[in-house]
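**Student:** Chain residues, written in single-letter form:
2 protein chains.
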Amino acid sequence: MRRLELIALPGLPMVAAGDDLAALIEAGLARAGLALVEGDVLVLAQKIVSKAEGRSVALADVQPTPEAEALAARTGKDPRFVQLVLAESQRVVRARPGLLIVQHRLGFVSANAGIDQSNLGQEGHALLLPRDPDGSAAALAARFGCPVVISDSFGRAWRRGTVGVAIGAAGLPALWDLRGRPDLFGRTLQVSISGFADEIAASASLLQGQGAEAQPVVLVRGLAWDAPPNPAAELIRPESEDLFR
Amino acid sequence: MRRLELIALPGLPMVAAGDDLAALIEAGLARAGLALVEGDVLVLAQKIVSKAEGRSVALADVQPTPEAEALAARTGKDPRFVQLVLAESQRVVRARPGLLIVQHRLGFVSANAGIDQSNLGQEGHALLLPRDPDGSAAALAARFGCPVVISDSFGRAWRRGTVGVAIGAAGLPALWDLRGRPDLFGRTLQVSISGFADEIAASASLLQGQGAEAQPVVLVRGLAWDAPPNPAAELIRPESEDLFR
Chain A
1 MRRLELIALP
11 GLPMVAAGDD
21 LAALIEAGLA
31 RAGLALVEGD
41 VLVLAQKIVS
51 KAEGRSVALA
61 DVQPTPEAEA
71 LAARTGKDPR
81 FVQLVLAESQ
91 RVVRARPGLL
101 IVQHRLGFVS
111 ANAGIDQSNL
121 GQEGHALLLP
131 RDPDGSAAAL
141 AARFGCPVVI
151 SDSFGRAWRR
161 GTVGVAIGAA
171 GLPALWDLRG
181 RPDLFGRTLQ
191 VSISGFADEI
201 AASASLLQGQ
211 GAEAQPVVLV
221 RGLAWDAPPN
231 PAAELIRPES
241 EDLFR
Chain B
246 MRRLELIALP
256 GLPMVAAGDD
266 LAALIEAGLA
276 RAGLALVEGD
286 VLVLAQKIVS
296 KAEGRSVALA
306 DVQPTPEAEA
316 LAARTGKDPR
326 FVQLVLAESQ
336 RVVRARPGLL
346 IVQHRLGFVS
356 ANAGIDQSNL
366 GQEGHALLLP
376 RDPDGSAAAL
386 AARFGCPVVI
396 SDSFGRAWRR
406 GTVGVAIGAA
416 GLPALWDLRG
426 RPDLFGRTLQ
436 VSISGFADEI
446 AASASLLQGQ
456 GAEAQPVVLV
466 RGLAWDAPPN
476 PAAELIRPES
486 EDLFR
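Protein chains in written order, with our numbering: chain A, 1 to 245; chain B, 246 to 490.
Isolated chain A (complex conformation):
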């Protein structure tokens, strides 16, 4: 029987700027008696990566531009927070009272450029996404000797509710092209490019939780793939080929 096991790493301490995140996680794995084996993938919630990388910003240090002030008035958000969102974004997709959807400089489309004020433990601070999530994943994967996915929760077009997605990946095909393979009956598969790392992030999200029980690190055991690795940047759909909007 093919099985997949997901294990939420217990007892990880609060992560602070400058922490050696890989060392913290390795210690957590050792305490839990978990030794990494072939095929294991570690999924890390974006928040702990961002915190370790010192991506927390004090709002008091932010000087909003007039553009940010105007958008803050439209959305009812703190102008300094909106300034951070704009500085991280290439364009505003939609703005409405209470909601600001942007395209992040790295291409992700999400609320507030992925910048978060919850689960932060520092009043008056906001936490930006890692500067280079694929680079962060690659560095962590090299330390662990296993593939790494950095996950976040994004809202979506057409469908309600947030789902886990991959904003960084290393050591596995974030986008897995299965085109040209035969289906069960020898016919070529029709739709066959899998958002593999997004599905991994979504599965981990079932354990990571979004509330008080948040578990930022999930070990996924039992995955199999047979395509070369590519980064989460491959998951960004170029506008020219986006027919789903």
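It is worth saying that the hints were derived from the structure and are not from the lab.
Facing chain A, a subset of chain B residues (Cβ under 10 Å, in silico):
1. R248
2. F441
3. A442
4. S450
Calculated from the model, a selection of chain B residues having no Cβ within reach of chain A, i.e. all distances over 10 Å:
5. A261
6. G263
7. L281
8. G299
9. D306
10. P309
11. T310
12. P311
13. E314
14. G321
15. D323
16. A332
17. G380
18. R388
19. G390
Among chain A residues calculated to face chain B with C-beta under 10 Å, some are:
20. R96
21. A111
22. S153
23. G155
24. I193
25. L223
26. E234
27. I236
28. P238
Beta carbons: idealized from backbone N, C-alpha and C, even for Gly.
Could you slot chain B onto chain A? The hints should help.
**Tutor:** Relative to chain A, chain B alone:
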């Protein structure tokens, strides 16, 4: 440690119209020595539900309308196939050579209204989505005595690659509203409506596969939730509140 286990049910026979799908799956569970326990969720690929419900259509029996003929010319698809897509849809979102994105009568936005010609085993046939996937899930959940998710793979706006999504659900909150709960630091969560059934479908998709190894039934063990059940229809985002397009 919080764990989640996913088990692909082995040895399920090819499903045909009129088959008692619940009985086939129960027999498969028994053969595999798997007894359902509290918290178990069964994820069924849409194809086997559609097949059991007799949703396979012979293209030879389809008479395309002039609208379907025109759209077939634009997309390079079989006019009879396009006719089936249109009959299942409320509107065409985008059409281009090789691609036809529509909004299904039930609200899902996907390629070809979820109608598939691969993995079908019947040349010249196409397989429609179940007539009422939430109803199908409810009937199956009643038989199994456990929650059921009916999954499919959809493309997405903004992101490349398909991911597993829930087109039917029963016995669990397909959309799980966590708003108002405290985060780790007692602050109210910001983004906190989870596409729970979509994440379950995405996790199962990691085992279901899309190629020759397709495993249409996945048992998910270890999930926890504390909200009342709602159907997959709740995952459809009303156009008026869709800021992600």
